[in-house]
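Visitor: Heads up: the sequence lines are chains A and B, in that order. For the first sequence, my numbering assigns the number 517 to the last residue and increments by one with no breaks. For the second sequence, my numbering assigns the number 373 to the last residue and increments by one with no breaks.
It is worth saying that the hints were derived from the structure and are not from the lab. One thing to keep in mind: the hints can contain errors.
Stated by the list, open to error - Straight-line C-alpha distance at most 27 Å; calculated DSSO-like pairs for lysine-lysine:
1) B:K320 to A:K322
2) A:K167 to A:K389
3) A:K160 to B:K320
4) A:K322 to A:K346
5) B:K173 to A:K220
6) A:K391 to B:K173
7) A:K346 to A:K220
8) B:K318 to A:K381
9) A:K381 to B:K195
10) A:K391 to B:K320
11) A:K93 to A:K139
12) A:K139 to A:K160
13) A:K389 to A:K334
14) B:K318 to A:K375
15) B:K320 to A:K220
16) B:K320 to A:K375
17) A:K181 to A:K238
18) A:K381 to A:K455
19) A:K160 to A:K357
20) A:K289 to A:K270
21) A:K357 to B:K195
22) A:K160 to A:K47
23) A:K389 to B:K320
24) A:K289 to A:K238
25) A:K289 to A:K268
26) A:K167 to A:K139
27) A:K346 to B:K320
28) A:K268 to A:K139
29) A:K389 to B:K173
30) A:K375 to A:K389
31) A:K297 to A:K220
Unchecked claim - These stretches of chain B come out as covered by chain A in the derived footprint (C-beta under 8 Å, 3 or more residues):
32) 193 to 203
33) 254 to 268
As the list claims (entries may be wrong) - Simulated restraints on C-beta separations:
34) A:L148 to B:I362: 22 to 30 Å
35) B:N344 to A:G339: 53 to 61 Å
36) B:A145 to A:D395: 40 to 48 Å
37) B:V155 to A:G339: 31 to 39 Å
38) A:F149 to B:T69: 33 to 41 Å
39) B:I362 to A:N111: 52 to 60 Å
40) B:I186 to A:D395: 33 to 41 Å
By construction, the Cβ of each residue, glycine as well, lies at the ideal position given by its N, Cα and C atoms.
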Amino acid sequence: MRGAFVATGREGVGGEYNLQVRNAVKRFPGVLALDGVDLEIHKGEVLAVIGENGAGKSTLMKILSGALLMDSGEILLDGKVIPPETTPKARMDYGLGIIYQELNYLNEMSIAENLFLGRVPVKGPFRRVDYQGMKQASMDLLRLFNLDYNPFTLVKELSVAEKQILEILRAVSRDVKVLIMDEPTSSLNEVETQRLFGHIENLKNRGVSIIYISHKLEEVFRLADRVMVMRDGKRVGVVDIKDTSSGQLVEMMVGRAITEMYPKEKVPIGDEVLRIEHLSCGCAKDISFSLRKGEIFGLYGLVGSGCVETVEGLLGIKAISSGKVLIDGKEASIGSPIEAKKRGLAYVPSDRKAEGLILIHSLKDNLTITKLDELGKGFMIDNAKAKEYCDTWIDKMQIRTPSRNAIVESLSGGNQQKVVVAKWILTEPKVLIMNDPTRGVDVGAKVEIYKIMEELCSRGISIIMVTAELLEVIGITDRMLVFANGTIAGEFMRNDYDQKTILHMAVKGNENG
Amino acid sequence: MASKNLTMNEKPKFWRRVSDLGNTLSLAIALLILCIVWSSLSPYFFTVQNIMNVLMFASILAIRASGLTVSMILGGMDISQNAVGAVTGLLCVLFSISGAPWWQVLILVVLLGLLMGVINATLVTIFKIAAIITTLGTMQIFRGTAWLIKDATVMVTDPVLIALGRGRLFGVIPYVTLIALVVLIVIYYLLNFTSFGRKVYMVGGNERASYLSGINASRVKFVSFVISGLTAGMAGFLVACQVGAALPQSGAGTEMNTISAVILGGISLSGGKGKLSGTILGILILQTINNGLTLLSVNAYFQMVVSGGVLLVAVMIDVVRSGALKKQ
């Protein structure tokens, strides 16, 4: 597949650029977010932009899309300068489109209405909506991408992946020349990602240039023609994908060599602490497994495979339809996260912003939320103790924050995640359940989180890690279950880990269903 | 890595402190300016008698608003408060004229407030009906109930109760102000120094995250709505004592006054943010405005226009100051 698109990718490259950014500078109070960044992209090329959180990727993209005004520099599209103050809508008219991580739809409206949002075709003296014309135009668009939907299907009935494709269609319908995609696969499973990549290929062949922002190096290698690496608001370099390796890219991103991405240590494995017998919850059916002390146990599966439901059932977040949970050999009925906490279970949810943290409150409030009952035992809440907890854990986890009173929303993704982990460590749990703990976290912070996990295991905590990232589950776990279609498709010990077999098992199950 | 810290767009500690105070501070300054303006326009404004009058009216509003503050920090809204007050006032005065001693009447006030709070709380937490809809429904139910109980004015006869509403300590400080002070201190303590108060802020900030952190969000919500009902009952009864009569229509049409004061005080409609001190200042500002306009013999309808305008201007200043209108 790669060979095919390298060939087409090269055709349009005649030295002329489709889009150019020259010497972009953006300053926020106290920070130079962009320090004279250049960017150029050829017609029909996929340029991946990578960098740690805070490297300036998003700022650059916001400047391109018109959401932010740059302080100096210029943007040229097909050789013509775009006035810097143009609005996002005007940029669209120029042919510069962006697909954000958070998708913007009107869920209660149809595919066709969403595609033609803001420029609905009208006819007649009363400017009646031309539904027929809209339907025809939508079907033509859908056909371009071999999609077979009724254009009047409501968007709320589509999956996240389908919505993403809708967004691409919207851009195509506006005759986009350059399309910026900001981590489009963050909520897609493997199969959907494949499909999305097919569509991106299709776009390329139409001569659309794509700027692809991602945290996942794996994807960059599958998709991109060239990679631009950013760090601290500067462009570190641009390399041809043929001439680079993931090691080199990581080094460019971090500015130092990460000798080992997955710092796996030998931790002695103890007795069983948790056992689940024939648990069914939502789409997860008849799940049994046991967890031992000091173990990192992976639950790997694509979206909808049932591993998330399994832990949600275990924690009492969702009602289980059958099965039982044993903690230290004794049966425990857990009906809510409150009981789960009392039984020594802790949960780091995947959606940090919606479920893990209270963004508008301070680090201190977020960190001590699990200890409020204990802190509030006396006549007045024990503030000194709360501060002590914070200082201890900011130090131990190396949370980079201006102070313990900083609002957590202002922290970077990796530091936010450390706060979520720290608040649970305060409760001295037996089992820490982490759902996609490194989502949206940059490479450096990922390694730190893995190290923290190792450290916790050596202190006798067991960890269940739910993830859809294969490299991660292989890199860090001692033992894993592969989920597919709501059941356990296989179990592997660390020594028997094999990427192909595991992926095959997870995907095959998924296709059968 | 040092540069990373900077990208967090965090203000230095000192300035954060000041901007934390910002809202309270600017409200206090606004109140001060208002007092100066009124004093210069009317010789009667800055007299002990007049100030105590303002406090007397503000106190009952403050009792009601302190409970509302709790439920609004939680992200809920209680618009049934005035109706709760009408039912409580009416039933308790009826109880009193039937010959019950004043202390039994006071116990009934508390019980009725709690009962109606529990009804709201149950609907909100157990049946998971949005707070504003729940209280919209119960507002009408309670109001109707008040009319059903007695569609006439019931005079307060017990001298102790009259004294409670109108009396003044040493002839200067109204008793209701002292009661309000106690209620405010209790609510302030609850919000700021107990784990319950911290939980109110947490659940208001993000209910789901709080629940997943092992906080019993439903219980916190329940208690908050009970507090809101209790303060509403107390306020309604004190209004009856002050007026000297309980009316089924007491407080009808002025449901939004308390909410205005709380919002003026800087409590966010989406929950999680706000302070009791803001609420108190909000009430004082609105009451002072009304008092000044009355002293200047301004038409009562015009006073309504001004109160509404002040609320909007205050919120507008807040929006502009937060930079939400600016394109970066």
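Visitor: Determine for every hint whether it applies to the structure shown.
Guide: These are the hints, each one checked on the structure:
{"no.": "1", "hint": "B:K320 to A:K322", "result": "35 Å, violated"}
{"no.": "2", "hint": "A:K167 to A:K389", "result": "47 Å, violated"}
{"no.": "3", "hint": "A:K160 to B:K320", "result": "39 Å, violated"}
{"no.": "4", "hint": "A:K322 to A:K346", "result": "17 Å, holds"}
{"no.": "5", "hint": "B:K173 to A:K220", "result": "40 Å, violated"}
{"no.": "6", "hint": "A:K391 to B:K173", "result": "35 Å, violated"}
{"no.": "7", "hint": "A:K346 to A:K220", "result": "37 Å, violated"}
{"no.": "8", "hint": "B:K318 to A:K381", "result": "24 Å, holds"}
{"no.": "9", "hint": "A:K381 to B:K195", "result": "46 Å, violated"}
{"no.": "10", "hint": "A:K391 to B:K320", "result": "22 Å, holds"}
{"no.": "11", "hint": "A:K93 to A:K139", "result": "23 Å, holds"}
{"no.": "12", "hint": "A:K139 to A:K160", "result": "18 Å, holds"}
{"no.": "13", "hint": "A:K389 to A:K334", "result": "33 Å, violated"}
{"no.": "14", "hint": "B:K318 to A:K375", "result": "21 Å, holds"}
{"no.": "15", "hint": "B:K320 to A:K220", "result": "44 Å, violated"}
{"no.": "16", "hint": "B:K320 to A:K375", "result": "23 Å, holds"}
{"no.": "17", "hint": "A:K181 to A:K238", "result": "25 Å, holds"}
{"no.": "18", "hint": "A:K381 to A:K455", "result": "34 Å, violated"}
{"no.": "19", "hint": "A:K160 to A:K357", "result": "22 Å, holds"}
{"no.": "20", "hint": "A:K289 to A:K270", "result": "33 Å, violated"}
{"no.": "21", "hint": "A:K357 to B:K195", "result": "52 Å, violated"}
{"no.": "22", "hint": "A:K160 to A:K47", "result": "34 Å, violated"}
{"no.": "23", "hint": "A:K389 to B:K320", "result": "23 Å, holds"}
{"no.": "24", "hint": "A:K289 to A:K238", "result": "50 Å, violated"}
{"no.": "25", "hint": "A:K289 to A:K268", "result": "32 Å, violated"}
{"no.": "26", "hint": "A:K167 to A:K139", "result": "18 Å, holds"}
{"no.": "27", "hint": "A:K346 to B:K320", "result": "32 Å, violated"}
{"no.": "28", "hint": "A:K268 to A:K139", "result": "55 Å, violated"}
{"no.": "29", "hint": "A:K389 to B:K173", "result": "35 Å, violated"}
{"no.": "30", "hint": "A:K375 to A:K389", "result": "10 Å, holds"}
{"no.": "31", "hint": "A:K297 to A:K220", "result": "31 Å, violated"}
{"no.": "32", "hint": "193 to 203", "result": "violated (count 0)"}
{"no.": "33", "hint": "254 to 268", "result": "holds (count 8)"}
{"no.": "34", "hint": "A:L148 to B:I362: 22 to 30 Å", "result": "51 Å, violated"}
{"no.": "35", "hint": "B:N344 to A:G339: 53 to 61 Å", "result": "60 Å, holds"}
{"no.": "36", "hint": "B:A145 to A:D395: 40 to 48 Å", "result": "57 Å, violated"}
{"no.": "37", "hint": "B:V155 to A:G339: 31 to 39 Å", "result": "33 Å, holds"}
{"no.": "38", "hint": "A:F149 to B:T69: 33 to 41 Å", "result": "56 Å, violated"}
{"no.": "39", "hint": "B:I362 to A:N111: 52 to 60 Å", "result": "35 Å, violated"}
{"no.": "40", "hint": "B:I186 to A:D395: 33 to 41 Å", "result": "51 Å, violated"}
Hint compliance for this structure: hints 1, 2, 3, 5, 6, 7, 9, 13, 15, 18, 20, 21, 22, 24, 25, 27, 28, 29, 31, 32, 34, 36, 38, 39, 40 are not met, and every other hint is.
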